[in-house]
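Each chain is listed here by its residues.
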Amino acid sequence: MSARLARVALWATGVLVAAWLVAPTLVVIPLSFTDKVSLTFPPTGWSTRWYANFFSDSAWMMALANSLLVGVLVAVVATVLGTAAAFGLSRWASRRGAAVANVFLLAPMIVPGIIVAIGVYAVFLKLQLAGSLAGFVAAHTVLALPFVVTSVTAALGTFDVRLETAAASLGAGRLATFRQVTLPLIMPGVVSGALFAFVTSFDEVVVSLFIQSPTLVTLPVQMYSSVTRETDPTLAAAATMILVLTTVLVTGGLALSARRNRAR
Amino acid sequence: MAALLSPVAPGGQARTAPTPSGRSGWLARHWPFLLIVPALLVLLAVFVYPVAQTFVSAFTTPNPGMENFSWFFGSSANVAVLTRTFSTALWSTLICLALAYPYAYLMTVASPRARAALLLIVMLPFWTSLMVRTFAWLVLLQDTGVINGFLGLFGVGPFGLVRSQVGVLVGMVQILMPFMVLPLYSVMSGIDRRLLTAAQSLGARPIVALARIFVPLSLPGVAAGSTMVFITSLGFYVTPALLGSPSEALISQFMYTQVSGMLMWGRGGAMAVVLFATTLLLMGLLGLAMRAGRRRKVGAR
Amino acid sequence: MPVDRPEGGTAPTAKGARIDLRGMTKRFGASVAVDDCTLTVEPGEFMTFLGPSGSGKTTTLNMIAGFTDISAGGLEIDDLPVGGIPAHKRDIGVVFQHYALFPHMTVAQNIAFPLRQRKIPKAERQRMVAAALETVQLPDHAARYPGELSGGQQQRVALARAIVFSPRVLLMDEPLGALDRKLREFLQLEIKRIHREVGSTFVFVTHDQEEALILSDRIAVFNNAKIEQVGTAHELYERPATLFVARFLGESTILRGTARPDGAGSTLVGDGFAVRTAGRVEGGEGGTAALVVRPERLRLTTDDPAGIPSGTNAVPVTVVEEIYLGAARKLEVILPGGARGLVREQAGALSDLRVGDRATLCWHPDDGVLLPDDPTIERIFT
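So the protein sequences, as listed, match chains A, B and C. Residue numbering for the first sequence follows our numbering, starting at 1 and increasing by one per position. Residue numbering for the second sequence follows our numbering, starting at 265 and increasing by one per position. Residue numbering for the third sequence follows our numbering, starting at 566 and increasing by one per position.
One chain only, chain A, in its complex shape (with noise of 0.2 Å):
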């Protein structure tokens, strides 16, 4: 095989992969501008009737409203929860104690999302919790520790301890050292792993399918539910928005970290 002919069929696989990995998600947002009743694509007319569907629709504003409550929760719970986890396991002296502990955080993304589905269904329903706000959130918080945890523990590990020293001597306490140093520089990666907690909710589908009622229902049940039953374009609006939403927080978050980096 020619050199140049091993660099064309190289590009061609990564342009294939890159297509495959990319394209359909593209797919969903003309759909969403279609005039049409059927998900045909590519769409002949364009308007915003789905949208304005949407919008008019109490199902899913209510599943709209009730994702975002629950994502910015867990974003919350589980970025404070995460962080601390993550700090304490960088200075716990017990490297053995740290290394179990590390095992069980992490877990949640190991141990197949239908098991612990089961698992949660089976004792929210003993606890009354199935269908509740406080249930949805708990669930949520244990899958998305992992993710604040790696991505807290990744920035404690540029993080230069001997600062923390340098802070005990000028007078700071442990808490205000923790305040006015660690904190804001860990804070890009704290941030991502707010962020990927918000999304990891926002996003979850087995174990709310599970834990799910009819007076809460998320964003993504609400579209499993929708896929399974018609197919009518609201959901491609309803895709197109996630779609959106989800890459204006990431790139935000990015960007974020970017000029913290940059103003060092």
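All the given hints hold, so there is nothing to weed out.
Some but not every residue of chain A turned toward chain C, in silico, with C-beta under 10 Å:
#: 1; residue: Thr165
#: 2; residue: Ala166
#: 3; residue: Ser169
#: 4; residue: Gly171
#: 5; residue: Gln180
One-sided and incomplete, this derived list gives chain C residues near chain A with beta-carbon spacing under 10 Å:
#: 6; residue: Pro651
#: 7; residue: Arg655
#: 8; residue: Ala665
#: 9; residue: Phe667
#: 10; residue: Pro668
#: 11; residue: Pro679
#: 12; residue: Leu680
#: 13; residue: Pro732
To be clear, the hints were calculated from the coordinates, so they are not data collected in a lab. Note that the Cβ used here is the ideal one computed from N, Cα and C, for glycine as well.
Mind docking chains B and C on chain A? Use the hints.
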């Protein structure tokens, strides 16, 4: 994500700050543990306990004993679900590897700008909702969809892409691709490319140098990525439920119907045990393989 | 100064505090990093801990700062035991080799950090920051970030940050170690000036003997987790208490042999020489000893040995090396038994000797210091 990028060296950093004096005993040494406690408690209540309880129910519900397991392994239809789950996971892994390997290699040789673009494309699925992507595939793969339309231009089809194994694989590969590309890239970018030049200077043709030097060195990434993809695909629910055929269910769909529809907690638990045991077994094998690989590397020095 | 002090201490008599180490010891597992150190640093004194790396000097500093627990023994600052007080309540300034400036704060914010911890009002704070920047001669850099400064400037900011809250003790851990030689020499003078202006007790850690000689009122020489000797630069140079101190500080000729009491002093008999010296060495009869003579105390002559006054030591040598230093020159000579000697001749009093010449090496018996021999020493230095 950091964990994905460094599959070969897991675990956090081991730096510790000097312990300020002034307190003695347990608290002076172990105060950081108190910061981990809240997260561990939540995990214990909403993860460890529920999962453990599910496993226990496999042996206790409705009656103590192994009846749930004998039910599961007693019916050929049930075992077919298990083998179908494994074959789907295996196919996803193979397709992912075949596509991700050249892609990751491309990332290591591309210019910094192209590399950033390729990385961004891989990371994109992480941000985009699973539901959105599955829905998009549903639209593309339907009988009147773009792909069948494209094939129709050549007089082929239409094929029943959706509600079939093909649809499931297409959707799963897209979702799993990052889990294969990132570990591969992480390992490949650490390979000293001067070794290739050295091999060529010793008379090896470029393709031989690649096969004899680069591929063996990239095997840890292959092992980590494949395990990751295989394990993740075993537990997939949404994609097979929406893109697959109801008559060709995978184990997670089967679990859903048994528990949510028929309230057979014990049967769900038994399948959870089977799924989890398989996952642990695979992780253990990966760990052993990695350790053996490392020992060989140390021994060669 | 509205700065809170550890309670219960006696009122400081001067701006600087007295530091008493009483048998202070630090163990890490089975190894001993600092072994039973006893030392008093006087108020306002500039004390340097000098020693090779791993000798325990930085660990001692960390114990004084409160970064490391004390395993045994006591530590008092102005008669107040501080072993149980955490670092942030000790009111001790510390300057680190790696600067340890907070990268997310401006220079002014860095310097204001200790003042903020002490709840000093903003107006007062700004005044003090400006004064500290003035002291380190960086008044125009308040709004910069540490990443925009050179290494020398960063170390000045670190210094300003450590003195702005007027600590009675300032600890410096190899603060100039990361800087190049010219800058280091300049900052040594700056530190000396700031010590005079501030009046705090300074404890300075270094492995550079020249730096120690330039800066210090007194020097504590550390070796192998112990303090070998404490004294002024002059005392350490002229009257080293151990062979290690003699070898670590400055150059010397070391003659090894067997010491016998002889009148008020001793006679040292070695391979190819027998010389008289004023001191006695513990171990008495027949103990192996080492005689240390500094290069400027030695003289080379080609005169007839008969002309040398009796009582002066005289050993025949051969010149093997000449090192020209401008203001002086050093000649390396070899004794009949193979021992090497080093002679320093001031410009204006140079002999005509060249490499290969034979001569007589002379010195007065009072100019040598007789010490117990320590065969392990040579392994450290070679």
